[in-house]
Amino acid sequence: MEELIEVMKEIRDELQEMNTKLDNIDYSLGALKGNGLYDSISDLYEKLDDLMGRGLYNSISDVNEKLESISSSLDTIEINTL
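In terms of this note's numbering, the sequence shown is residues 1 to 82.
By construction, these hints were calculated from the structure, which means they are not laboratory data. All values derive from a computational prediction rather than experimental measurement. Careful, some of the hints might be misleading.
[Said to hold, decoys possible] Label-pair distances were calculated between CB atoms; the ranges are:
| no. | residue 1 | residue 2 | range |
| --- | --- | --- | --- |
| 1 | E78 | E46 | 52 to 60 Å |
| 2 | D75 | S42 | 40 to 48 Å |
| 3 | D23 | S69 | 43 to 51 Å |
| 4 | Y45 | L67 | 21 to 29 Å |
| 5 | Y27 | V7 | 25 to 33 Å |
| 6 | E10 | S42 | 54 to 62 Å |
| 7 | D62 | E14 | 35 to 43 Å |
| 8 | Y45 | I25 | 18 to 26 Å |
| 9 | I70 | Q16 | 33 to 41 Å |
Think of the CB as a built atom: it goes at the ideal place given N, C-alpha and C, for glycine as much as any other residue.
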């Protein structure tokens, strides 16, 4: 009988651990969903879409373009000083 109780306790502990992991997954998915109008993965798509670079220095591609511009300017200065 004691063995059965021990096995049941182990099962309970495993189920509690699985429950905690599921809660963590649920929290992580909730953070991914977004907080827009539809509160869904489409909000995440819109956020990623903003990274494409349509605005003035508000996206990764805008920063990349600016860095390339700085690099070109530095190359021009280097050529002119030689």
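Problem - Whether the CB-CB distance between Y45 and I25 falls inside 18 to 26 Å - result: Holds, at about 21 Å.
Problem - Cβ separation of Y45 and L67, checked against the hinted range 21 to 29 Å - result: holds (26 Å)
Handout entry: Distance restraint evaluation - D75, S42, Cβ atoms, bounds 40 to 48 Å
Key = Since D75 and S42 have Cβ atoms about 42 Å apart, the given range 40 to 48 Å holds.
Problem - D62 paired with E14, Cβ distance criterion 35 to 43 Å - result: violated (50 Å)
Problem - Pairwise beta carbon distance, E10 to S42, judged against the given window 54 to 62 Å - result: Since E10 and S42 have Cβ atoms about 43 Å apart, the given range 54 to 62 Å is violated.
Problem - Range hint 52 to 60 Å (beta carbons of E78 and E46) holds or violated - result: violated (41 Å)
Handout entry: Verdict for Y27, V7 (Cβ pair) under range 25 to 33 Å
Key = 31 Å Cβ-Cβ, so the 25 to 33 Å window holds.
Handout entry: Range hint compliance [Cβ, I70 to Q16, 33 to 41 Å]
Key = Violated, at about 55 Å.
Handout entry: Range hint 43 to 51 Å (beta carbons of D23 and S69) holds or violated
Key = holds (47 Å)
Comparing the model with each earlier hint shows violations of hints 1, 6, 7 and 9; every other hint is respected.
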